[in-house]
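> Okay, here's what each chain looks like letter by letter:
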Amino acid sequence: MKIGVLVKRVPDTEARITVGADGKSIDESGIEFIISPYDEIAVEVALQLKEKHGGEVVVVCYGPKEAATVVRKALAMGADRAVLITESTKEHEPAQTAKVLSSVLKEEGFDLILAGRQAIDDDSAQVGPMLAEILGLPCVTDASKLEFDPAAKKAVVHKEIEGGEETVEVSTPAIITCQKGIAEPRLPSLKGIMMAKRKPLKEAQPAEEPELMTKVVKMDYPPKRPPGRIIGEGTEAVGELVRLLKEEAKIL
Amino acid sequence: MAVIGYVEWRGGEFRKSAYEVVSQAKRLAKELGTDAVAVVIGKGVREKAGEFAAYGADGILVADSEQFEHFIPDVYARLLEQAVNQTGARFVLLAHTTLGRDVAPRLAARLAAPDVSDIISMNWQGDHLEVLRPVYAGKVRVTVAIGKEPAVVTLRPKMFEADDTLGGAGNVEDLKAEIDWDKVLYKVTELKKSAAGKMDLTEADIIVSGGRGMKGPENFKILEELAELLGGVVGASRAAVDAGWRPHSDQVGQTGKTVSPTLYIACGISGAIQHLAGMSSSKYIVAINKDPEAPIFQVANYGIVGDLFEVVPALTEVLRKELGK
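The listed protein sequences correspond, in order, to chains A and S. Okay, so the first sequence: first residue is 237 according to my numbering, each after it adds one. Okay, so the second sequence: first residue is 129 according to my numbering, each after it adds one.
Certain hints may be false.
[Said to hold, decoys possible] Estimated spans, in silico, between C-beta atoms of each pair: (1) S:322 - A:289: 41 to 47 Å; (2) S:345 - A:301: 42 to 48 Å; (3) A:267 - S:319: 40 to 46 Å; (4) S:318 - A:261: 26 to 32 Å; (5) A:387 - S:345: 34 to 40 Å.
[Claimed, not checked] Here are the simulated lysine-lysine pairs, DSS-like style, with alpha carbons at most 27 Å apart: (6) S:311 - A:335; (7) A:482 - S:418; (8) A:381 - A:288; (9) S:315 - A:389; (10) S:304 - S:171; (11) S:158 - S:315; (12) S:315 - A:342.
No lab work stands behind these hints, which were simulated from the structure alone. Note that beta-carbon positions come from the ideal geometry of N, C-alpha and C, so glycine has one too.
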């Protein structure tokens, strides 16, 4: 059994994001980069499946050369090998990413492809379903629970939807995008980190990077909130709060 | 030519955001000098589809069948593709919900069209559409020019106004597409509604959220009482979710949900940057926290420094009298 996991290199969630000099992208100086948290969860899901059913976990990443660091982290967690498709441009859109990834995924022929529900930088949440369409595979998004039966080529997935939960059955190969709660990513062990250095990390060039259909015109900050205001202390402030909610905010 | 607004039907009702989508489709259609067409897919939807006329739908394309009872991504994408072909649509608008996020990229891939997610405003520039979307969980935003038509966009719920005075013609027609069911490898076997049909955080007008300061899962009861009184729902910070006190579907912030309610009441939440990113677009923020230095107070319209276990029940009591409940 061969499981592919898609990972993306993104700024740490705790990072303060500032607009760069070009006014169209972020200033990357001083920012720490991590595996996008949902992708890290997907790596964990893959490792748990491997522990249960055996097989191989392959990490696939499209990004800058520097993404090797986060790819190594996935290898340190326990993935077997990795393919890093190095970008030749900084400008991306999901359709292009999906296209680039699809050629490697086709070549590898995975039994299951896992990814995060969205990358936490551009928050587009498009690559998984787009890949499904390109590769002609079923795709379940926002999975909060997964049971995979490799022998029967079947997966049962619980997915969260607004106001409820759906249970979905798909035949595999399939693409599953992971939501929080499906698994808790492990910390790489010291041994894992040492071993990761020797695991195969293949760098590849994209077969083609399709032309973009959208263009970022500018990047800016959301409107500033009025400065914070403390209206009082303890239960004594409750009356004032209710008055403000009623008269100023006109909410009640 | 047309602008399509996809109308989401789930569990026997239209989502609130569906009305927003149709009204926005109408506004854009007006600028383009064309019609707004609502696309309705589901089981038993025909009867109710007409209500979108008031919200601006000139045409209403209906695919009503037992087979469409549940959302099946590739089938719905196929139907929407057919709707685009049938109407010559230039834009397809969907809500950025779990369903919209799933079907929009598939539709875009089928049409070789661009797809821009989770937009909060749009502007027709005379020859192309420009959209605004938050990125990095709202820490910054980008204005994106869409250079190709047809194009697909998903609208963040609660950011576009639903307007029942837009009055479209509302001509109902059938939407028919050939679907090769043998190739459909996706089956919904169960749909469970959460307790008391709890409203999703992204659609709520009032959210009462708890963080590490709640000290344990049992204490969320006081937040639930307050939320119920106000007709709101309970949310949580990452700390509270990671501690296992609340389900992750309750999480507000960068690895949870981005919310924009009218009122956000943060209780025992310090205001880590990734939490602030997810709730700073709330209209009014109330913060209740013991630590006067907590970053949450920097974004709070009304901050109360104090013990939430005293302040929250007191607030509930005063509000109960105020609201006569």
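> Checking each numbered hint in turn, tell me which of them this model violates, lowest number first.
Hints 1, 4 and 11 contradicted; others consistent.
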